[in-house]
Amino acid sequence: SQTIHQWPATLVQPVGSPLSLECTVEGTSNPNLYWYRQAAGRGLQLLFYSVGIGQISSEVPQNLSASRPQDRQFILSSKKLLLSDSGFYLCAWSVPGGDSPLHFGNGTRLTVT
Amino acid sequence: QKEVEQNSGPLSVPEGAIASLNCTYSDRGSQSFFWYRQYSGKSPELIMSIYSNGDKEDGRFTAQLNKASQYVSLLIRDSQPSDSATYLCAVHGSSNTGKLIFGQGTTLQVKP
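Which chain is which? The protein sequence lines are A and B, in order.
First residue of the first sequence: 230, per our numbering; consecutive thereafter.
First residue of the second sequence: 30, per our numbering; consecutive thereafter.
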């Protein structure tokens, strides 16, 4: 069966520090991969999605970036965090194609101080 | 106009009642629709998928889809306090990119 691992679970970082969140998927090949952010009391905002290695689509302009160095690995990064980057970051995967649901990791709670 | 709209609630129902959650979407070409449940502080969990007009039942949950009206709903029968959560409606766009667009979610409170 497929599983998705996301870490760390919680993170407290000062403003201006770098960020690296990692997500890996097991039990499937060539998944679509996604990074979402959920601000407190808000809906899910799609940040990045990827349909293959090295293929990243950005949905919103921001100081975040994403990379997919391996088929089942997705990394979210920032060189300098802002206070507004605080939130709940969720990695998700889906079967390739346009009709499949997304399956989420447990998320990372990021607080920028 | 938002792509996927839900009433944020909270929707409060007594234990044992039917909870009805509604969602509208703007992309007339959308073909796949999902309901997720999200407990406070947790990640969303898929509870229902629906692709065709009509009703789809799974245990106490029934999803209803009306593509002509661009409307999808979720009914929860015999609501339990453990059903108290935020329910997210999600829709795949017609562009077949694999992107899933989420509504803001409806908070459901089931009171014992």
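Take these hints with a grain of salt, some might be off.
Claimed, not checked - Partner residues are not named here, just some residues of chain A that face chain B (Cβ under 10 Å, in silico):
1. Leu275
2. Tyr278
3. Gly283
4. Pro325
No lab work stands behind these hints, which were simulated from the structure alone.
Every residue gets a Cβ at the ideal spot worked out from N, C-alpha and C, and that includes glycine.
Here is what the structure says about each hint:
1. Leu275: It holds, given that the least Cβ distance between leucine 275 of chain A and chain B is near 6 Å, below 10 Å.
2. Tyr278: 6 Å, holds
3. Gly283: With a closest approach of 16 Å, the glycine 283 of chain A hint is violated.
4. Pro325: 7 Å, holds
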